[in-house]
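Residue numbers (my numbering), protein chains in the order written: chain A, -9 to 150; chain B, 4 to 291.
I should point out that these hints are in silico values taken from the structure, not numbers from a laboratory.
Glycine included, each C-beta is placed from N, C-alpha and C at the ideal position.
Hints may be right or wrong, so weigh each one.
[As the list claims (entries may be wrong)] Looking from chain B toward chain A, a few residues come up when the C-beta cut is under 8 angstroms (computed):
(1) A15
(2) G37
(3) Q38
(4) N45
(5) F46
(6) D56
(7) P108
(8) T111
(9) R112
(10) F189
(11) R192
(12) H193
(13) F196
(14) A244
(15) R251
(16) L255
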Amino acid sequence: MSDLVSIRLTVNGQAREGRCETRKLLVDFLREDLGLTGTHVGCEHGVCGACTVLVNGEAARSCLMLAVQANGADLLTIEGLMKDGRLHPLQEAFHEHHGLQCGFCTPGMLLTALDLLQTNPRPTEAEIRQGLSAVLCRCTGYQGIVKAVEAAAASLRGTR
Amino acid sequence: MKPARFAYHAPATVEEALALLTRYGGEAKLLAGGQSLMPLMNFRLARPAALIDLNAIASLAYIREDDGQIRFGAMTRQRAIEFSPLVRRRLPLLAEATALVGHLPIRTRGTIGGSLAHADPSAEYPAILAALDGVVVARGPRGERTLRASELFQSYLTTSLGPDEMLVEVRLPAMPAGAGFAFEEFSRRHGDFAIVGIAAMVARQGDGCTARLVTAGAGPVPTRLRQAEEILEREGLSDAAIEAAARRAAELVEPDTDIHASAAYRRNLTRVLTGRALRRAVGRLEGR
């Protein structure tokens, strides 16, 4: 029995397609079939948050979705955050405030922070910490990350 | 690629999904939000022969008010519930509990029906179903039936849903206007499953009050603490009555020891969290 399926979706504004087994996880499809290795595979059971991407504008774990479930969806991954060769304000702020060290959690951290600021453009420090508890970082101790998201929130409000 | 091989189906209607369930005779799993089933499959702790993906059944995602009840399609996302003005207005206890379900990226996918059918005793929604006296609607080849929390939940991760049945709707009566409420839980990290959680609701009735207290995580199924509620209904909502109800709550639960906490610790948490939840609920009732 062949259980290969064709998948068409939009990733970072571009129409993409691939063909894979129905059991393939979305994160593996992004990395192996579409060559988008910026999304990281961490725990593979929805706890660490490294694989978080935006699915139709909302953050979701790409290790807990099948690729076939993203058929027709609009995805944003870390590769789509830069615009016209310029870093996204969140990326700028992570750079500025030392929001990363090894960088493994960073793609998930940035996309989770982006969703947090979409739903709550003016978060308190406690709300940032609570929102980012969806992603585990073992390097930074989170201080720089929280500062970076506070700074990015201010900068994004300024550019609106 | 982690999950073991399975046959994948994405029916567009409940009828098709039910026909597939019958066809696989208990060998298929229904895939709702996937936030519990997918980890089990990634670890290969679950190896269903077939997956029946409900995400294409658009008619199963809705929130609407109907004759004093709020009805949720089984595939309504927790995220939609969290941001629903109707839920915030009519079921604020549910709104508060929803913010404690995993994390926002989990709630993007997780569904109310999936959480209830999964029946994790530490989860928030089973306790809410019991606390608000709601029902679930199950549909199968022999038609529909409604089940209360006490009829649905049988043990850890075990419900009375038949292998050919699926949960299609959740009905929660709107909370009494002005009711005080709180959901308190303790977990080691924000977003983890609660070691113990307490749903509390207090409302005025004539000269007295009614109280609801339900535990999560303090036993194999969510437990209504009727004898603790009665202390409040008899003695009122004073600090002393709250303390007495909290002590009684700790005597009423039958927690187990597991890797996360001992039974004695859970019993103590039940007392502490019941007190906290009631104080916050009473504060809201009195407009403080």
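Status of each hint after checking the structure:
no.: 1; hint: A15; result: 13 angstroms, violated
no.: 2; hint: G37; result: 5 angstroms, holds
no.: 3; hint: Q38; result: 6 angstroms, holds
no.: 4; hint: N45; result: 5 angstroms, holds
no.: 5; hint: F46; result: 7 angstroms, holds
no.: 6; hint: D56; result: 7 angstroms, holds
no.: 7; hint: P108; result: 4 angstroms, holds
no.: 8; hint: T111; result: 4 angstroms, holds
no.: 9; hint: R112; result: 5 angstroms, holds
no.: 10; hint: F189; result: 15 angstroms, violated
no.: 11; hint: R192; result: 7 angstroms, holds
no.: 12; hint: H193; result: 4 angstroms, holds
no.: 13; hint: F196; result: 11 angstroms, violated
no.: 14; hint: A244; result: 32 angstroms, violated
no.: 15; hint: R251; result: 32 angstroms, violated
no.: 16; hint: L255; result: 31 angstroms, violated
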